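So the protein lines, in turn, are chains A and B. In short: position in the first sequence from 1, add 218, done, that's this note's numbering. In short: position in the second sequence from 1, add 8, done, that's this note's numbering.
Watch out, some of these pointers could steer you wrong.
Claimed, not checked - Under the rule of at most 30 Å between Cα atoms (straight-line distance), these lysine-lysine pairs were calculated in the DSSO-like manner:
(1) B:169 - A:435
(2) A:499 - B:169
(3) A:501 - B:104
(4) A:349 - B:104
(5) A:283 - B:104
(6) B:150 - A:349
(7) A:320 - B:104
(8) B:104 - B:179
As the list claims (entries may be wrong) - Derived contacts from chain A toward chain B, CB cut-off under 7 Å, selection only:
(9) 381
(10) 384
(11) 485
Calculated from the structure, these hints are not laboratory results. On a predicted model such as this, the values are computed, not experimentally measured, just so you know. Quick reminder that beta carbons are idealized off the backbone N, C-alpha and C, glycines included.
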Amino acid sequence: MNMSNNKIKEKKESRRTFLKKTALASTFATLAACGSDTSWDEFFQKNFKTLENDDKNKIIERLEKKYTEKYGKKFTVSGKDPIDDTLFGYGLDISRCIGCRKCVYACVEENNQSRDPQIHWITVLEMAKDKGVDLFHSNSDYDRELVPDDDHFYFPVACQQCENPPCTKVCPVEATWKEKDGIVVVDYNWCIGCRLCMAACPYGARHFNWSEPDIPKDEVNPETHYYGNRPRYKGVVEKCTFCVQRVREGLYPSCVEICPVGARKFGNLLDPDSEIRYILKHKRVLVLKEELNTQPKFYYFY
Amino acid sequence: MVTTQKNIFIFFMVLISALLLIPDTIYGDNGKKEALIQAPPPPFSEDIFPCTECHSEMEPNPERRVLEDMHDDIILKHDEKNRWCLDCHDLKNRDKLHLANGKLIDFTESYKLCGQCHGPKLREWKNGVHGKRTGYWNGKKKYLLCAHCHNPHSPKFKKMKPDPAPDDPMKGRK
C-alpha cells in the first residue's frame with residue numbers, strides 16, 4: 219500500500235517535470251522563431267488601445283529608437299488621439315477623376331507601403347461609360363498611353379472607413395477597431411495575421427504583408443503614427459487610415475494633396491459648413507455596395 | 009466693472025479694425041466667410057508680364073484679327089468663333105482684364121471673369137467642390153485659380169500618361 223502510493227507520487231512528479239520542461243522548451247522555441255529583433259518588451263506588449271498613456275509612451279519611445287536605427291533617419295511615432303467632435307468623411311468626384319494613379323503612388327510614399335512585394339492601398343478601377351459603376355467588368359490593370367480614355371471613367375477604391383465595419387467584427391483578438399473620429403485602425407503589434415478581416419472586407423481594402431516590407435531607406439517617411447504609416451511587420455494586415463498621421467494634425471490626406479484634378483475632397487462630417495457636408499447636400503452621391511449596410515464614410519459623387 | 013467694459017470695447021475695436029484689413033474674401037453659399045484666397049500667382053508664360061512693358065509703346069488696335077507677329081503660340085480653343093483677345097484682356101490697360109460690364113480686374117481675380125459664363129462652376133469653386141484646395145481641412149487652405157488647371161485660351165484639361173499599373177499579384181510565383 220505504502221509502496222504503491224510512493225510509486226504513484228513518483229510518477230506524478232515525473233509527469234509534472236516533463237510538462238514543465240516541455241512548456242519551457244516551447245516558450246524558447248517560440249521566442250527563437252520570432253526572430254532576434256523581437257525584444258521581451260515587444261513580445262509581451264499588450265493591445266495598444268487598452269494601455270495607459272505611460273505605457274503607450276514607453277512603446278512609442280522604443281519604436282522610435284528601433285526605426286531610427288533601422289532606417290538611419292530620425293523617426294517620430296505619434297500616438298495622437300482623435301480630435302474631439304470630429305467624424306471624417308471623404309468625397310471623390312467620379313466625373314473628374316482621370317485615372318492617372320498619382321494618388322496610388324503618393325499614398326505608397328506617405329504611408330511606407332512595401333515596394334516589393336508591392337502593396338497599394340488605393341486601386342484605381344477603369345470602368346466603361348456604357349456600363350456605369352460595374353465592379354465585375356472593371357479593370358485595375360489598364361495601361362494606356364494617355365488617360366482619361368474617352369470611353370471609360372475611373373473609380374479609385376481604398377478603405378471606405380465604414381461606420382458599420384465588417385472587418386473589425388471578425389477579428390478574433392480585437393487588433394482592429396473603429397476610432398472615435400471614424401477611422402478604422404490596426405494595432406500592427408497585436409495583429410496575429412489570421413486575415414479574417416481581409417475575407418470580411420467587401421472592398422478589398424486590407425492588405426497582408428507576406429514578407430518583411432521593403433521600403434528604400436531614402437524614401438521612407440519618418441513622420442509616422444502608431445496606427446498609421448509606421449513600418450509594418452511581416453505577417454500583419456494593413457489598410458488606408460485617411461493618413462491618420464496627417465489628418466489628426468489638421469492636414470489633408472496625401473491623396474487629396476496630390477490629385478491633379480482636385481477630384482478628392484475631405485472634411486469633418488460633424489461640421490455643417492465643411493466641404494464634405496456641402497457635397498452631401500448638393501451633389502449626387504453614391505456609396506459602394508450600399509446593400510451591405512456597411513455605411514461607408516467614403517462618398518462618390520458627380 | 010469699468011475696466012471690464014473698457015476691455016470689451018478695446019477688444020471689439022481691435023476686431024473691427026482687423027476685419028477692415030481683410031482684403032478680398034470669398035463667400036460660400038451659406039454666407040459664411042471662407043478662408044482668404046491664397047492662390048499662388050497667376051501662371052503667366054515666362055517674361056510675359058507686365059504686358060505694358062511692350063504694349064505701352066504700341067498703338068492699340070481694337071480690330072478683331074488673327075495675330076501673326078506676336079502671341080502666335082496662343083491657339084484659342086475657347087468658344088473661338090465668338091471670342092477673341094479683347095473680350096477678356098483690356099485694350100487700354102494691358103495689365104488688367106475686364107468684365108463684361110467694363111470693370112477692370114487684376115489677373116489674380118480672374119475667377120470673376122470666368123464666372124461670368126461658368127456661374128455654377130464658380131459657385132462650386134467657392135464652396136470647395138470644384139477645383140483643388142490644399143493645406144488644412146480645419147484651417148487655412150490654399151486655393152488654385154481657374155487658370156492654374158485650365159489654360160484660359162484652351163481650357164479643356166489635357167490628357168496625361170498614367171503611373172504604372174500595379175504588379176501582377178502572381179509576380180514571382182509563376
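These are the hints, each one checked on the structure:
1. The suggested pairing of residue 169 of chain B with residue 435 of chain A holds, with an alpha-carbon distance near 28 Å, which does not exceed 30 Å.
2. Annotation: proposed proximity of residue 499 of chain A to residue 169 of chain B is violated, straight-line Cα distance about 34 Å (limit 30 Å).
3. Among the hinted pairs, residue 501 of chain A with residue 104 of chain B is inconsistent with the structure: their alpha-carbon atoms are about 35 Å apart, more than 30 Å.
4. Straight-line distance between C-alpha atoms of residue 349 of chain A and residue 104 of chain B comes to about 47 Å, which puts the hinted pair past the 30 Å bound.
5. Between the alpha carbons of residue 283 of chain A and residue 104 of chain B the distance comes to roughly 57 Å, so the proposed pair goes past 30 Å and is violated.
6. The hinted pair formed by residue 150 of chain B and residue 349 of chain A fails the criterion: a straight-line CA distance of about 37 Å is larger than 30 Å.
7. Between residue 320 of chain A and residue 104 of chain B the alpha-carbon distance is near 35 Å, which puts this suggested pair outside the 30 Å criterion.
8. With a CA separation close to 57 Å, the supplied pair residue 104 of chain B and residue 179 of chain B exceeds the 30 Å bound.
9. Interface hint status for residue 381 of chain A: violated, as the beta-carbon distance to the closest one in chain B is roughly 19 Å, over 7 Å.
10. Annotation: interface hint on residue 384 of chain A violated; nearest CB of chain B at approximately 23 Å, more than 7 Å.
11. Against a cut-off of 7 Å between C-beta atoms, the interface hint on residue 485 of chain A holds, since the closest Cβ of chain B lies about 5 Å away.
In this structure, the hints that do not hold are numbers 2, 3, 4, 5, 6, 7, 8, 9 and 10, in rising order.
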